[in-house]
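> Taken in sequence, the protein lines are chains L and Z. Reading the first sequence from the start, the letters are residues 1 to 187 in the working numbering. Reading the second sequence from the start, the letters are residues 1 to 201 in the working numbering.
Be careful, since some hints might not be right.
Said to hold, decoys possible - Negatives, chain L to chain Z, calculated, CB over 12 Å:
1) P15
2) D40
3) D82
4) P107
5) L112
6) A114
7) R122
8) P128
9) I129
10) G151
11) R168
As the list claims (entries may be wrong) - Listed below are the simulated SDA-like cross-link pairs for lysine to any residue, each with C-alpha atoms no more than 25 Å apart in a straight line:
12) Z:K120 - L:D138
13) Z:K120 - L:E38
14) L:K29 - Z:P109
15) L:K60 - L:R124
16) L:K29 - Z:E37
17) L:K29 - Z:L127
18) L:K29 - L:G59
19) L:K60 - L:A125
20) L:K60 - L:G21
21) L:K60 - L:D30
22) L:K60 - L:A121
23) L:K29 - Z:R126
24) Z:K120 - L:A73
25) Z:K120 - L:A47
26) L:K29 - Z:D15
27) L:K60 - L:P128
28) L:K60 - L:A132
29) Z:K120 - L:K29
30) Z:K120 - L:H50
31) L:K60 - L:R33
32) L:K29 - Z:D150
33) Z:K120 - L:S22
34) L:K29 - Z:N99
35) L:K29 - Z:F14
36) Z:K120 - L:R124
37) L:K29 - Z:R17
38) Z:K120 - L:T44
39) L:K29 - L:I14
40) Z:K120 - L:D23
Treat the hints as calculated values from the structure; they're not laboratory data. Don't be surprised by glycine CBs; every beta carbon is placed ideally from N, CA and C.
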Amino acid sequence: MSETHNALEERLVIPANVQVGSDSVLTGKDTFRRFFSELDPALTIGAHCHISGAQFALGKRASVHVGDYVFAAHLIVLAEQDISIGNCVLIGFNVVLADTDFHPIEPAARMLDAIAVSPLARGRARPPIACAPVIIEDDVWIGPNVTILKGVRVGAGAFIEPGSLVTRDVPARARVLGNPAQIIGEV
Amino acid sequence: MPLLADRRVPYDWFDGRVPDNVDIHDDAYIESAFSFEECRALAPHAVRIARGAHLYSATIFDIGERGRVEVGECSMLNGARLICDERISIGAFATISWNVMFLDSYRVPTDPLLRRALLKSVGHPRLLPFDPAAAARAITIHDNVWIGFDVCVLPGVTIGEGAVVGARSVVTEDVAPYFVVAGNPARPIRELERPSERPTP
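Next comes chain L alone, as it looks inside the complex (with noise of 0.2 Å):
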């Protein structure tokens, strides 16, 4: 039996593309606030989790799996293509995890994505985003108020030091410290 539940105590309302596993406990009252994706399933949490006050921001098109015995308290998931995270994986207080930049880097698609954005508009599409899927393997523990950027694998076992901003593959066992984050160590 999984259990979700809000804030307040009444029953968290998850969409129908949302799986969550046995022994989950899922809790926040803006977890699926920017919740869009139309894919089925969309979003798939693993058995004994403990995942409180997350926000799951997905775009029409993400997918996001979350594995088994994860916990995870005021995580920030922003996907527009994909996100995975393994087993046995624990993540600290204000975490997020982006798989998009959100806005092009050139200027000049910049100032078209700006006009595409505003109340000018008018129906025109978005220049294209940049996206990679973000994977974190298993058992790889992430401190608080860290941030890890599109594309970035995180090997198996790694140990991310709060504040760090990922911007590389981690590799398997590593400890990583810094924005840009640095290979300290291992564990």
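Given the coordinates of chain L, assemble chain Z onto it according to the supplied hints.
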């Protein structure tokens, strides 16, 4: 501002009480008992908030059973999270901004195989116990320290009197008195002038 007789905070938005082992001076201010919802400390006088200190709502005392925290005179905490399994001491005149994380412990083994074994043995991540193998190391913040927003202070760090930590820094090693540090990891960038006298509030 004294607590009410039942240890509620006057005008609190949250329906909770301040634990008995949290000493808040009558001339200190806290905005909400919510700050102590994650305080599991067992020792008498485990948390001491001195006169003139002021703590706003988003300040969270996430304290394990053996933890002890003290906050000195006229110090302000505007939404820091104190993760304490041993000791976090904050001196007088501190200015601590929002989203600051103090951790005196990582709370779980750093070895991923030990961590996995621990998770499987307790059966659920919410049941993870205090782990003596995750040795806690006390954090000491001396008087008159300014810590900018989004800063992380890691286990075992001492920040010297009068120092300043720039916003979004991660402090991994001791900070000398009257130095400004910044960056991730934080590095000294400037030295400040020592005051000639110390005012009394």
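> All hints, please: hold or fail.
Outcome of the hint check:
no. : hint            : result
1   : P15             : holds (24 Å)
2   : D40             : holds (27 Å)
3   : D82             : holds (23 Å)
4   : P107            : holds (26 Å)
5   : L112            : holds (31 Å)
6   : A114            : holds (26 Å)
7   : R122            : holds (38 Å)
8   : P128            : holds (30 Å)
9   : I129            : holds (25 Å)
10  : G151            : holds (20 Å)
11  : R168            : holds (15 Å)
12  : Z:K120 - L:D138 : holds (13 Å)
13  : Z:K120 - L:E38  : violated (34 Å)
14  : L:K29 - Z:P109  : violated (31 Å)
15  : L:K60 - L:R124  : holds (17 Å)
16  : L:K29 - Z:E37   : holds (18 Å)
17  : L:K29 - Z:L127  : holds (23 Å)
18  : L:K29 - L:G59   : holds (19 Å)
19  : L:K60 - L:A125  : holds (14 Å)
20  : L:K60 - L:G21   : holds (23 Å)
21  : L:K60 - L:D30   : holds (18 Å)
22  : L:K60 - L:A121  : holds (19 Å)
23  : L:K29 - Z:R126  : holds (19 Å)
24  : Z:K120 - L:A73  : holds (20 Å)
25  : Z:K120 - L:A47  : holds (12 Å)
26  : L:K29 - Z:D15   : holds (18 Å)
27  : L:K60 - L:P128  : holds (15 Å)
28  : L:K60 - L:A132  : holds (15 Å)
29  : Z:K120 - L:K29  : violated (29 Å)
30  : Z:K120 - L:H50  : holds (14 Å)
31  : L:K60 - L:R33   : holds (14 Å)
32  : L:K29 - Z:D150  : holds (23 Å)
33  : Z:K120 - L:S22  : holds (15 Å)
34  : L:K29 - Z:N99   : holds (20 Å)
35  : L:K29 - Z:F14   : holds (17 Å)
36  : Z:K120 - L:R124 : violated (51 Å)
37  : L:K29 - Z:R17   : holds (23 Å)
38  : Z:K120 - L:T44  : holds (21 Å)
39  : L:K29 - L:I14   : holds (11 Å)
40  : Z:K120 - L:D23  : holds (13 Å)
Of the numbered hints listed earlier, those contradicted by the structure are 13, 14, 29, 36.
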